[in-house]
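Trainee: Listed below, chain by chain, are the residues.
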Amino acid sequence: MRHKIIDLIISLAQKDENVFLISNDAGYGVIDPFVEHYPDRYLNVGISEQNMIGVAVGLAKAGKRVFIYTLANFGVLRCLEQIRNDICYQDANITLIALCCGIYYETQGFTHFGIEDIGCVRSFPNTSIYNPANNHELEFCFNESLSRKGFNYFRLEQGIPVRDYTPAKINNYVLEVYPKDKINIISTGVILEEVLQALKELKNFHVGVFSVPFLTYPISDAILPIIQDSLYTIVIEEHISNGGLFSIISEVASQLTQHSKIIPIGLSHDGILKIGTHDFMRKNNKMSAKNILNTLKELASCTI
Amino acid sequence: MKLEEHIRNIRIRTLKMTYTAQAEHIGSCFSCIEILASLYSSVLNFSSNNCKENYFILSKGHAIAALYSTFCEFGYLTEEQIATYCKDGSPLYGEPNYKVNGIELSTGSLGHGLPVAAGLAYSFKLDNSSKKVFVLVGNGEMNEGSNWETILFAAHHKLKNLVLIIDDNNINCNDFSDRIINLKHLNYIMTAAGWKVIVVDGHNSEELIKSFKTSSTEPLCIIAKTIKGKGVSFMENKVEWHNKSPSKKEYLSALKELEAL
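Chains as they are written, first to last, in this note's numbering: chain F, 1 to 304; chain P, 1 to 261.
Simulated from the structure, these hints should not be mistaken for laboratory data.
Wrong hints could be hidden among the right ones.
[As the list claims (entries may be wrong)] Straight-line alpha carbon distances no greater than 30 angstroms define the calculated DSSO-like cross-link-like pairs of lysine-lysine that follow:
1. Lys261(F) to Lys149(F)
2. Lys200(F) to Lys180(F)
3. Lys16(P) to Lys256(P)
4. Lys52(P) to Lys2(P)
5. Lys244(P) to Lys230(P)
6. Lys15(F) to Lys16(P)
7. Lys16(P) to Lys125(P)
8. Lys256(P) to Lys184(P)
9. Lys182(F) to Lys149(F)
10. Lys15(F) to Lys196(P)
11. Lys230(P) to Lys15(F)
12. Lys149(F) to Lys184(P)
13. Lys238(P) to Lys16(P)
14. Lys169(F) to Lys286(F)
15. Lys149(F) to Lys213(P)
16. Lys196(P) to Lys158(P)
17. Lys158(P) to Lys249(P)
18. Lys286(F) to Lys203(F)
19. Lys125(P) to Lys149(F)
20. Lys244(P) to Lys149(F)
21. Lys16(P) to Lys230(P)
Generate coordinates for the entire structure from the input sequences, incorporating the hints supplied.
Mentor: Here you go:
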């Protein structure tokens with residue numbers, strides 16, 4: 001997805017001479033095509049994230065259409081106040097792309113896991129957060145973001161590629177992978193692939209699956225029917241559940257007096273301290289395809 | 001009217017605003033009145049964003065009363081607008097508000113103004129524009145790491161259109177600055193970082209204006225030596241006047257001193 005978003009930015013830059021890319025010494029081997037095409041429209045500020053956000057705001061004030069390429073935690077948490085004060089509260093129009101979201105960076109440990117950023121950023125004003133599962137979702141998000149003012153935050157997770165799928169329906173920015181049923185899974189980001197692998201093994205039992213790449217768009221109207229008419233809703237994300245998609249869905253559910261049991265599958269702070277391969281860490285955090293399948297089988301037995 | 005008269009008026013108005021609102025930061029306001037008056041009578045004019053010649057960011061945002069008083073003195077705000085300072089619902093609250101015409105950036109959290117100023121300066125340099133960007137920080141604000149990131153960045157890119165003015169009154173919030181973080185050798189540090197440095201009397205408008213117009217091949221740092229609470233004898237160089245609001249007695253006493261100037 002990181003190469004895809006650079007391609008999308010290059011396409012935009014061909015039409016808009018104000019497109020400008022800034023990074024904090026990140027993106028080696030990825031942003032090169034943009035730098036080669038437009039060397040005068042690229043700036044590496046060095047490893048100085050607070051400076052990076054301020055400089056980006058200054059460039060935007062001077063008329064540039066600014067895209068920031070960085071790594072989550074460093075380019076988001078470290079300069080959270082700059083993002084809040086100088087971008088979100090002052091109507092600056094800036095798109096920030098953050099890699100290192102989720103636990104893909106495996107053996108680097110918690111300093112390199114962007115797993116609380118949704119919780120931190122979603123309470124800011126004028127903010128749109130995108131968490132696509134694959135290139136198709138990314139392109140959908142990117143095109144929607146072009147008309148969105150304010151802070152557009154693309155968090156790009158990595159992992160085993162999520163297969164292309166054609167959403168059966170796109171309902172208020174919630175993508176229907178499989179139609180709703182008594183048990184539903186609402187997923188965001190690349191963990192969707194583990195969900196789809198789990199469902200391949202599930203025989204004679206249907207589960208609804210929905211992907212939510214637009215985390216801060218108005219999705220209530222799409223979510224309410226899913227959680228209202230079902231028995232169980234699993235909310236899965238490669239992020240701490242507290243503050244992430246689980247919190248978003250729970251807030252939607254608070255509009256109802258009756259709804260399905262909402263079950264979070266997400267990272268835990270203890271769970272991410274045991275370091276290993278991405279596969280090992282997903283298993284340790286109970287979010288591998290096998291874990292998801294076991295959870296579904298338990299829930300399925302409760303519905304009989 | 002001579003600039004010194006404007007400065008006197010700005011100081012009196014700032015006192016009245018701060019007392020009426022029972023606001024804080026009068027010491028910080030008084031130390032930079034000559035700086036602001038000198039800027040707006042020389043290199044800055046009040047224009048809409050589209051036709052600004054030069055840009056200014058008040059990074060030490062807690063001195064906003066001084067800036068609004070300066071705006072009023074030069075006709076950019078009315079006395080009626082000034083009377084709403086810190087009143088319920090007023091856009092003129094206790095830190096800069098970017099929605100007020102003439103304010104470039106909402107500040108208040110220290111260390112934010114210089115990076116944004118550098119971004120503007122970088123963009124102007126790219127576009128071969130002659131516009132300059134002036135930013136006023138406090139000396140305590142120079143403790144902030146974000147400033148140092150930008151100081152190195154600006155020097156590397158030789159942003160000669162960026163002018164950093166340090167209101168060096170040697171008082172932070174809780175204590176004298178040199179008892180907290182020693183910045184006595186700031187001029188050497190900035191020079192070593194790749195900036196041109198000028199040290200001036202921050203209450204001498206002639207020296208200030210000359211420094212603003214200095215040309216340079218590097219970013220320019222003007223260290224303005226000032227006195228916190230300048231102009232009122234019992235406020236000058238006192239730590240307490242960073243946060244304290246004047247009582248009625250103190251207000252009347254200060255007003256008497258300033259009107260006698």
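Trainee: Between Lys169(F) and Lys286(F), is the straight-line Cα distance small enough, at 30 angstroms or below?
Mentor: holds (29 angstroms)
Trainee: Measure nothing beyond the straight line between the CA atoms of Lys15(F) and Lys16(P); if it is 30 angstroms or shorter, mark the hint as holding.
Mentor: violated (53 angstroms)
Trainee: Do the alpha carbons of Lys158(P) and Lys249(P) lie within 30 angstroms of each other, as the hint requires?
Mentor: Violated, at about 51 angstroms.
Trainee: Between Lys16(P) and Lys230(P), is the straight-line Cα distance small enough, at 30 angstroms or below?
Mentor: holds (15 angstroms)
Trainee: For the pair supplied as a hint, Lys15(F) and Lys196(P), is the alpha-carbon distance within the 30 angstroms limit?
Mentor: violated (40 angstroms)
Trainee: Is it true that the CA of Lys244(P) sits at most 30 angstroms from the CA of Lys230(P)?
Mentor: holds (15 angstroms)
Trainee: Given the proposed pairing of Lys196(P) with Lys158(P), does the C-alpha separation stay at or below 30 angstroms?
Mentor: Holds: Lys196(P) and Lys158(P) sit about 10 angstroms apart, inside 30 angstroms.
Trainee: Hinted pair, alpha-carbon criterion (30 angstroms max): Lys261(F), Lys149(F). Please report holds or violated.
Mentor: Violated, at roughly 36 angstroms.
Trainee: Does Lys203(F) lie within 30 angstroms of Lys286(F) when you go C-alpha to C-alpha?
Mentor: Judged against 30 angstroms, a Cα distance of about 21 angstroms means the pair holds.
Trainee: Could you grab the alpha-carbon distance between Lys256(P) and Lys184(P) and see if it respects the 30 angstroms cut-off?
Mentor: Given that 30 angstroms is the threshold and the Cα spacing comes to 35 angstroms, the pair is violated.
Trainee: Starting from Lys125(P), check that the Cα of Lys149(F) is at most 30 angstroms away, please.
Mentor: This hinted pair holds, its Cα atoms lying about 26 angstroms apart.
Trainee: Keeping to a limit of 30 angstroms between CA atoms, is the pair of Lys52(P) and Lys2(P) held or broken?
Mentor: Between Lys52(P) and Lys2(P) the Cα gap is close to 25 angstroms, so the pair holds against 30 angstroms.
Going through the hint list in order, the structure does not satisfy hints 1, 6, 7, 8, 9, 10, 11, 12, 15, 17, 20.
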